[in-house]
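**Student:** Here's the letter readout for the chains.
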Amino acid sequence: MSGIYGLIAEFDNPTALVKAARAAREKGYRKLDAFSPFPIEGLNDALHLHKNKLPLIVLVGGIVGGLTGYLLQYYITVISFPINIGGRPLHSWPSYIIITFELTILFGALSAVLGMLGLCGLPMPYHPVFNAPRFALASRNRFFLCIESADPLFDLAATGDFLRALEPHEVSEVAH
Amino acid sequence: MPDTSQLVERPQDDIAPGYTFGSVTDQIAAVVLTKRTPIFWFLCFGAGFGLLLLFLLAVAVLFIKGVGIWGIRTPVMWGFAITNFVWWIGIGHAGTLISAILLLLNQRWRNSINRFAEAMTLFAVACAGMFPVLHLGRPWLMYWLFPYPNTMGIQPQFRSPLVWDVFAVSTYATVSLLFWYVGLMPDLGTLRDRAKNRAGRMIYGIMSMGWRGSARHWSVYETATLLLAGLATPLVLSVHTVVSFDFTIAIVPGWHSTFFPPYFVAGAIYSGFAMVLALAIPLRKVYGLEGLITDKHLENSAKVMLATGLIVAYAYVMENFAAWYGGEVYEQAAFWHRLTGPYRYSYWALISCNIIAPQFLWFKRFRTNPLLLFISSIVVLVGMWLERFMIIVSSLAQDFLPSSWGIFHATRWDWATFLGTIGLFMFLFFLFIRLLPMISIFEVRTLLPQAKVKEEQG
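Residue numbers (our numbering), protein chains in the order written: chain P, -15 to 160; chain X, 461 to 918.
Don't read these hints as lab results, they were simulated from the structure.
Using N, Cα and C, we set each Cβ at its ideal position, and we do this for glycine too.
Label pairs and their calculated CB-CB ranges:
no. : chain 1 : residue 1 : chain 2 : residue 2 : range
1   : X       : G478      : P       : H153      : 16 to 24 Å
2   : X       : I663      : P       : H75       : 46 to 54 Å
3   : P       : G102      : X       : S812      : 48 to 56 Å
4   : P       : L40       : X       : L799      : 49 to 57 Å
5   : X       : S812      : P       : P39       : 47 to 55 Å
6   : P       : L137      : X       : S630      : 48 to 56 Å
Calculated from the model, a selection of chain X residues having no Cβ within reach of chain P, i.e. all distances over 12 Å:
no. : residue
7   : F509
8   : L514
9   : G526
10  : D755
11  : F823
12  : L832
13  : A870
14  : L895
Where chain X lies over chain P, by a calculated footprint (3+ residues, C-beta under 8 Å):
no. : segment
15  : 77 to 84
16  : 90 to 96
17  : 122 to 128
Using the sequences and the accompanying hints, generate a full structural model.
**Tutor:** Following this line, the structure appears as structure tokens:
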């Protein structure tokens, strides 16, 4: 059992993959993942993937960016480098709006990308699933469902039978 | 089973029928992974490389001798450099419009043109960003534009639109690069899996960051794309608004106007879609991609051009009306000089290019003819360059005091720098065409009827 990473089943079309993912989830498997050449709306339902923390990360990033922009300008124009031009107020907030806005967007976008990479655990050049024999097709036209050996319900024979019953193109073992 | 899936209703013909996941992947990836490169590519890349060398020469001379090699003399200190800056950055806007705004509006036809349009944005911003820096006089001190603790004890003036511009353009360049790269990741994974030699697998593998198409990743990825689109949408509208502030905040007649921001944004999208068409029409012909970039894409782009062109036309009319109705004598004189003064040829040329020529786009026969569309997109690009030249040069040449008027004469170095950035753009763009997938493979896969999950089976 410790010898392999899991069992992977290959399907021809997205409908079969969603069906299989739903069946595996109903069967009680939790350590499972699907692989497809494009995002499939139904998979999020089948694998219960609707919630992620990215919007919160981006919100925090945007707020930090906006504060950075505003406070940077406040500090420079009022405290560190005040210039008196005809007695106009040093804290001239209307002229701060643009840079505050731009830094909000900049920090928001950076946190969206870095947050996405962080939540996905990328970059990760090696992953056991790449050992699956026909896995190169997951980026072309085939759809894969992998049940990991770390799942408490995993049993090489029983899980293999379960996957084969879903009428996949092929079921194979994934080495570590 | 696959046969019945073909029978599922196809609500919109975003791409030609008959494609499969495999054939879409193979066709787009083959452009990059093939050994055979079309002659067209060598010609365009060679032309771009030649002009790039001209650019390097022009910049070297500029560094040695200073900005005096250009035709900028008092009072016209903003000649070609700022004209080119505004023109290039405007061209970039269509890419972000296609990648972000059309994504939020769920315009699925964008999926096959967004990738190269974003690349166009990136390279256009690279060309644009160099002009203000080269125009500084001492370009090697460009880092003075950013606030940083320094021994000189001075800081940028945050009340100046020129400093706003630094932040707007650098944010725009960064966010465009991020958005473009994030969009590329799954396709880089495809190239990694399909590359035939070890070097290709290694390079594309590292660039794809180990993308494996996991459902967990796709779920986060889609959230990230939507959020980036939501951030890029106000950003793109803000960038040309801030560019227009460079003019409107000043009190020069012909510049000091409240409707510059929407007028500039419309003009930017106008010229940007012209560039999208100028690139898409030859590319789809040479690489046989008519099934993916269909006549519908060209027609839709032409419609956007027509709509934004009409907004620009309205702005031209209102500009003159406001000058006349406002009753301000300098403003009136500025517009009278544009119509009849030393720059009247540029003015009427831009009116012909930007207002009269696009009226042909009302006709479907014209919109579905790629050759005519290509010509009209070049006409629009020329017209939009003339518009920026007109706004910048004619206003500075004749402002308040007739005794301080002066006419701008472009030198050969002005032209060399401008043509040089066109070379840089072509060089980068054709390098991109050769090395990266020019159409987003995974987004085109989602357009196929087979990509729909049939729910009744669940």
